[in-house]
Amino acid sequence: MVEKIRVENLNCYYKDKQALKNLNITVEKNEILSIIGPSNSGKTSFLRTLNRMNDMNVDFSRDGEIYLDEENIFEMNPEKLRTRVGMLFAMPIPLPMSIYDNIAYAPRVLGLKNKKNMDEVVEQSLRDASLWDEVKDRLHTSAIKMSGGQQQRLCIARILAIEPEVILFDEPCSGLDPISTAKVEEAMLKLKQKYTIVLVTNNVKQASRVGTRTAFFLMGELVEIDKTSTLFVSPRNKKTEDYITGRFG
Amino acid sequence: MFKLSPKLSQKIFYTLLAISTAIVIVPVLLIVFIIIKNGWSAISWEFLTTMPTDGMRAGGILPAILGTLSIVACAICITLPVGVCAAIYLNEYAKDNMLTRIIKLAIVNLAGVPSVVYGLFGLGIFVMLLGFGVSIIAGALTLSIMELPVIITTARGALNSVPYAFREASWSLGVSKWQTIRRVVLPNALPGIMTGAILSISRISGETAPILFTAAAFYVPHLPQSMFDQVMALPYHLYIISTQIPNMPKNIIFGTALVLLMMVLSMSLFAIIARLYFRKKRKW
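Residue numbers (this note's numbering), protein chains in the order written: chain A, 802 to 1050; chain B, 133 to 416.
Isolated chain A (complex conformation):
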């Protein structure tokens, strides 16, 4: 397996409160790494550090390093980094424009594609996000009017349009019904072929369904990381076992 992201001795703080403690973890290429753990365990902090969205938070500080393909992300241009490491938020956030424009937005601004190719980019992104068939006849209607599940897949398509290498999913199904969840998961498994995925989820079952490997975070510390099949069948740590069997948190 090829190593995509390597995190070395990462500590994160919001003001005086420490959110992540001495984290060492790697993400391998073309895997889905699921991160589970109770709230306040630092899962989202970790994710938001991976594409430096935490830079916008004035209270945030960190030490330790993160490498993307052996390149230190804290020495990269943050905007460039975010085109390589895309992020999907817990709540779907379609921008107040049409479905087409939502997807074409970033490629246009970043100057990635010329106008002729844009139609193809939009179609391909929507197909990869398993949304094309549902919206192909109304690409120029407002994205706000879509259902929650469709909005979330639109947001996935929007990320695919900038062709990142890594996609971060921050509890992407927390607001969705089981059918929409299944569709998002289906999209995720399809994306694994091309992308590396880090998935933060509160849903232990979801981690067991889609994760190649699963990591268990607790109180800002990495307790255990292993192949999903191994971790769920024979966890080494007592705390992990308690959490995945629902006796805790």
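No wet-lab data here; the hints were simulated from the structure.
Some hints could be false.
Listed below are the simulated EDC-like cross-link pairs for lysine to aspartate or glutamate, each with C-alpha atoms no more than 20 Å apart in a straight line [to be verified]:
{"#": "1", "chain 1": "B", "residue 1": "Lys-309", "chain 2": "A", "residue 2": "Asp-817"}
{"#": "2", "chain 1": "A", "residue 1": "Lys-881", "chain 2": "B", "residue 2": "Glu-300"}
{"#": "3", "chain 1": "A", "residue 1": "Lys-937", "chain 2": "A", "residue 2": "Asp-902"}
{"#": "4", "chain 1": "B", "residue 1": "Lys-309", "chain 2": "A", "residue 2": "Asp-860"}
{"#": "5", "chain 1": "A", "residue 1": "Lys-822", "chain 2": "A", "residue 2": "Glu-1025"}
{"#": "6", "chain 1": "A", "residue 1": "Lys-830", "chain 2": "A", "residue 2": "Glu-809"}
{"#": "7", "chain 1": "B", "residue 1": "Lys-413", "chain 2": "A", "residue 2": "Asp-902"}
{"#": "8", "chain 1": "A", "residue 1": "Lys-830", "chain 2": "A", "residue 2": "Glu-966"}
{"#": "9", "chain 1": "B", "residue 1": "Lys-227", "chain 2": "A", "residue 2": "Asp-817"}
{"#": "10", "chain 1": "B", "residue 1": "Lys-309", "chain 2": "A", "residue 2": "Glu-832"}
{"#": "11", "chain 1": "A", "residue 1": "Lys-991", "chain 2": "A", "residue 2": "Asp-860"}
{"#": "12", "chain 1": "B", "residue 1": "Lys-227", "chain 2": "A", "residue 2": "Glu-966"}
{"#": "13", "chain 1": "A", "residue 1": "Lys-816", "chain 2": "A", "residue 2": "Asp-860"}
Dock chain B against the given chain A, drawing on the hints supplied.
Same frame as chain A, now just chain B:
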């Protein structure tokens, strides 16, 4: 102490509150009514499009209308871009430190300065120090400084009303802060900024004190030719003809007031309609 029955006290306070509300509307209606009643007879096409004659006791008020329009147009062209840029900086870029807090405090205080003080400030800086003389540009600069805090405050409100999540979504796609502002935040804040601007225009059209020493003239026999001309202005003209000129026909005084009032009210109305329209069109 005697005790009122709940029903009676309810009635008393209901009446009190209703009367207070009525008191708010009565002056507005009275002002509009009295001005229309006394001034309507003066309004005619000639009144709006000719020069005053006979020591301003006859003829029209064209130079005053044009003077006010040119001062206000200049002022808004200066204050709107500066104010919006400052609002963007304060809202989107400024870190919450001592300097930012001092700037915000200064803006609040600037809004509380009496308008005559702005007039004197404009006289000292623009008319005398910078040598613009009593002119359109000096008056416009004075008015624009006076209106800056209002523009900044309304523009910040409009920027704040754009959900923070939109910014995050845009940043997460690798779009820079400035591009996010330009493509997502500003287009969605624009309706709010524009209605604020229109209300500002209507407010500064009626201001007298700031232009008293900086732009307005008692009488100018020709129409404004350049930015450095003295001009007549509606509010100041109204003051002169009501107090300084003997045997002034009453209907011309009220007619002038009516024109000024209609200018201000129609702009406010326009702003209200625009706001309703954009609120309906808003997509989130």
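To see whether the hints hold, each was checked on the structure:
no., hint, in the structure
1, Lys-309(B) - Asp-817(A), "27 Å, violated"
2, Lys-881(A) - Glu-300(B), "15 Å, holds"
3, Lys-937(A) - Asp-902(A), "13 Å, holds"
4, Lys-309(B) - Asp-860(A), "19 Å, holds"
5, Lys-822(A) - Glu-1025(A), "14 Å, holds"
6, Lys-830(A) - Glu-809(A), "17 Å, holds"
7, Lys-413(B) - Asp-902(A), "18 Å, holds"
8, Lys-830(A) - Glu-966(A), "9 Å, holds"
9, Lys-227(B) - Asp-817(A), "19 Å, holds"
10, Lys-309(B) - Glu-832(A), "31 Å, violated"
11, Lys-991(A) - Asp-860(A), "37 Å, violated"
12, Lys-227(B) - Glu-966(A), "32 Å, violated"
13, Lys-816(A) - Asp-860(A), "5 Å, holds"
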